[in-house]
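Student: Chain residues, written in single-letter form:
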Amino acid sequence: MESVEQDGEQVNRDDLILQQQREIEREISDSTPLVSDQLPLTCLTAEYDGDAVFTAKIQTLASKYKYMRRTRPDGNCFFRAFAYSYLEWLISNKAAYDKFRSIAETSKDKLIQLGFPSFTLEDFHGTFMEVINRVNPHNPGGVEKNQNELHTIFNEQGYSDYVIVYLRLMTSGKLQEDAEFYQHFIEGDMTIEEFRHQEVEPMFKESDHIHIIALSSALGVGVRVEYLDRAEGGTVKAHDFPEGAQPMVFLIYRPGHYDILYPN
Amino acid sequence: MAGSALRRLMAEYKQLTMDPPEGIAAGPISEDNFFEWEALIAGPEGTCFEGGVFPARLVFPPDYPLSPPKMKFTCDMFHPNIFADGRVCISILHAPGDDPMGYELSAERWSPVQSVEKILLSVVSMLAEPNDESGANVDAAIMWRERRDEFNRIAQRLVRKTLGLSA
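Quick mapping for you: the protein sequence lines, in order, are chains A and B.
Under UniProt numbering, the first residue of the first sequence carries the number 1, and numbering increases by one thereafter.
Under UniProt numbering, the first residue of the second sequence carries the number 1, and numbering increases by one thereafter.
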């Protein structure tokens with residue numbers, strides 16, 4: 001990184017600390033693929049070796065879900081997991097795909113109307129549409145070819161990250177559109193405006209319920225999140241977003257991180 | 001990854017060339033490397049920096065625009081928000097969480113929809129209205145607050161220097 005002055009001029013200590021923190025984070029994250037292959041859920045047991053609560057809960061989950069995919073823990077995991085899982089579902093649901101594609105197509109004008117700068121938005125929207133078109137279920141080659149294409153795209157950082165930028169902007173747009181409603185979810189005295197710029201639009205910022213509700217509502221996509229935590233009882237709590245919606249995207253949440261689930 | 005950064009930087013360069021904001025010029029130092037730019041910033045009218053043309057250098061990371069560039073003036077500068085070595089210290093050059101100066105919550109931060117143009121416009125505002133709460137140069141911040149005349153004289157000397165005039 002550039003923050004160390006190579007020419008021996010004044011070195012900013014805060015910059016150095018930040019840089020070191022970044023390097024540690026990068027080391028952890030670079031060892032995980034952006035989106036992994038399908039893995040059996042029992043692969044999680046190794047991480048909670050000997051922990052009775054977690055082991056029992058993983059068993060319960062494994063009876064409902066046949067596979068999972070890990071996502072890189074870089075603060076973008078919710079958006080990456082959501083995008084991958086939803087597009088994978090769309091690959092085998094042509095009518096829903098067509099509907100989503102037209103929502104995606106018109107979303108740019110809507111965001112510009114909401115005040116996003118069209119010049120920089122254009123680039124992300126262009127890449128977003130390119131990705132959507134590359135996994136079009138009407139393309140020749142069938143489901144399997146599209147699935148391989150999706151996996152390749154999502155493990156190419158340039159494409160994968162641009163999809164996330166665009167979903168973050170759509171989420172931010174939804175928060176602005178329904179600011180009055182979402183204001184209630186924000187703790188402390190941050191305004192919606194501040195929250196969007198601080199916690200939603202920038203890359204690598206982790207997602208909370210408010211992000212999930214806003215994105216799933218903006219796209220009309222049901223998301224079920226299974227919570228694997230230390231809470232008492234052998235059952236794993238699940239939550240559907242938006243409430244009462246039929247889930248198409250299934251995610252597992254462990255404190256601080258989202259991965260993708262595949263129901264039986 | 002650098003492919004999308006290059007595409008974006010080329011688009012920004014084109015935009016800045018076709019429709020440059022007043023008092024700002026910027027572009028790559030060499031056509032072979034779009035990741036290092038030089039910018040020229042005119043001191044804002046009606047301020048102590050009026051009349052000066054201040055050169056600066058911008059260095060873009062390979063994952064631009066996901067992460068912000070760094071910016072450094074290459075001429076002598078004396079300003080509360082510019083380090084002695086020329087590094088510019090304003091909130092838009094930092095993502096939230098990167099908080100070397102404890103910026104205010106409402107301060108504009110880096111996000112991928114920001115641009116070189118937005119950064120340079122913020123720098124022009126910074127020249128016009130220093131933020132003496134975030135002291136990259138504490139001496140300059142104190143002088144700006146307490147001995148404005150002296151600050152203005154130093155600024156005028158820097159202005160003349162950028163024009164190649166004797167101080």
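If you are wondering where the hints come from, they were derived from the structure by calculation, not from laboratory data.
Hints may be right or wrong, so weigh each one.
[Said to hold, decoys possible] Below, in silico cross-link-like pairs of lysine-lysine (BS3-like), each with a Cα-Cα straight-line distance of 27 angstroms or less:
no.: 1; chain 1: A; residue 1: Lys64; chain 2: A; residue 2: Lys94
no.: 2; chain 1: A; residue 1: Lys110; chain 2: B; residue 2: Lys14
no.: 3; chain 1: B; residue 1: Lys70; chain 2: A; residue 2: Lys110
no.: 4; chain 1: B; residue 1: Lys118; chain 2: A; residue 2: Lys205
no.: 5; chain 1: A; residue 1: Lys237; chain 2: A; residue 2: Lys64
Small disclaimer: the values here were computed from a predicted structure and weren't measured.
Student: Straight-line Cα separation of B/Lys70 and A/Lys110 no greater than 27 angstroms?
Tutor: violated, 32 angstroms
Student: Sort out whether B/Lys14 lies within 27 angstroms of A/Lys110, counting only the CA atoms.
Tutor: Holds: A/Lys110 and B/Lys14 sit about 25 angstroms apart, inside 27 angstroms.
Student: Within 27 angstroms, alpha carbon to alpha carbon, are A/Lys237 and A/Lys64?
Tutor: With a Cα-Cα distance of about 13 angstroms, the restraint between A/Lys237 and A/Lys64 holds, given a limit of 27 angstroms.
Student: Given the hinted pair B/Lys118 and A/Lys205, is their Cα-Cα distance within 27 angstroms?
Tutor: Given pair B/Lys118, A/Lys205 holds - Cα atoms ~22 angstroms apart, limit 27 angstroms.
Student: For A/Lys64 and A/Lys94, compute the direct alpha-carbon distance and say whether it is at most 27 angstroms.
Tutor: holds, 26 angstroms
In this structure, the one hint that does not hold is number 3.
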